[in-house]
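**Student:** Each chain is listed here by its residues.
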Amino acid sequence: MLNDHFRRWPRRRTICAGAFLLGVAGVVAWITSLLANRLELQAYWEPFKESRHNFAREWSELRNLKPAKASAVYRQREFEVFLPSPQTSVGEPWELDGSRLLPFLKQFHPGATVELHHGSGSAAGAFACLRARNDRFDEIAFRVHAEFVMSDGQSFYTPAQFSGTLLFDRIARRVKRFHFYLPPRNTNIDVNRFFPIALVGDQQLEQVSAVDVGYSPRMELVGGDDQFDEIVWTESVSYDDANARLARRFYQFLEVRWRPWDEAVAESRSTGKPIHVVVLLGTLDDESC
Amino acid sequence: MRAGPLSDSEIVKLLNSEFVNAWLLLSDLERPIRSIHTEAGRRLASVALREFTFPVESQVFSSTGGVLEQLDYNALLDVGPDDRSRRYFEFLTRSLQPKAP
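Quick note, the sequences are listed as chains A and R, same order. For the first sequence, this note's numbering begins at 1 and goes up steadily by one. For the second sequence, this note's numbering begins at 1 and goes up steadily by one.
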């Protein structure tokens, strides 16, 4: 039977078929490896919902903000910007290269920049912290300060911060899950709108910048697999602890012992110390004001 | 301000040793029922709101709720970055000095 088969399939043809099958297997393996080397991120952006000075109602560009790309595929090496050096220990923050974060930010808006327009009054930068580790996975928490230059080139949309986590499989050298988001606390967006000419009362003013502070309920990039929720870590710090460590890398003023208002009032009464309070439009420990 | 005076090591030291420190959103002052849970806290919050100058202001209250000093952030912007910490330090130390009856 086998001999019959070989008789019907001359040797040259058998070699060709084998080579073809090997070729197909190779292509499949190549495609599989190519797909495994990529991660698709979905972008979500709900624009300004509430704002103090009604910019959202009066400025159509602001009202119509949406992701530049609803989904985008990233190569694994693009995520390397978030990965720690081999010597990094759990809980230890390090600085990220902001320029390599731009592809992620530009999935939201082409005007993304990591240089904040407030200059020395703002805390630009990006930091990460190895939050948890076991013999296979690393979970990295990060915080990024960035903003978006609007179409006029002189107005700015500044999220309070971007926070997030990345789950990395050190054995497979793959990012398994990625989440990059604006924490949805009210307020979380600072907007500076530039007017070449503005009428203020009876006066015509040139080059006026007006400010609004508002709230965007959702702005995030998300991708990967949720099946990794039950990972048992051998070493970790809590999410709150990791986020506090990251915040301290941005803001030296967090060395001040700040109290919630009710606690401050009670403590002042019991100790006799005066209360020093900063009253402002947006949160003090991010870039929303 | 957070990257300026509030990050100055001398000011941080003074704030931690002589003051109880807090920050408040204007929206919390306007709707204190949502985020301030004690009667004493709401009472002092209403004074903070009445005294507030837009857009950012630092205020110091005595432990009995009297207004000791206020510093409008715009006044800090009028001086160069190097003088802002000095101004803020003076504002804080002034609030610690005994007031004439």
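Treat each hint with caution, since some may be false.
[Stated by the list, open to error] Stretch-level coverage of chain R by chain A, calculated; a stretch enters the list once three of its residues show a Cβ under 8 Å from a Cβ in chain A: (1) 14-22; (2) 36-48; (3) 55-61; (4) 81-89; (5) 92-98.
Note that these hints are calculated values from the structure, not bench results. C-beta atoms are modelled at their ideal positions from N, C-alpha and C, and glycine is treated no differently.
**Student:** Does each hint fit the structure? Answer for all of them.
**Tutor:** Checked hints:
no., hint, in the structure
1, 14-22, "holds (count 7)"
2, 36-48, "holds (count 8)"
3, 55-61, "holds (count 7)"
4, 81-89, "violated (count 1)"
5, 92-98, "holds (count 3)"
In terms of the numbered hints stated before, the structure departs from hint 4 and from no other.
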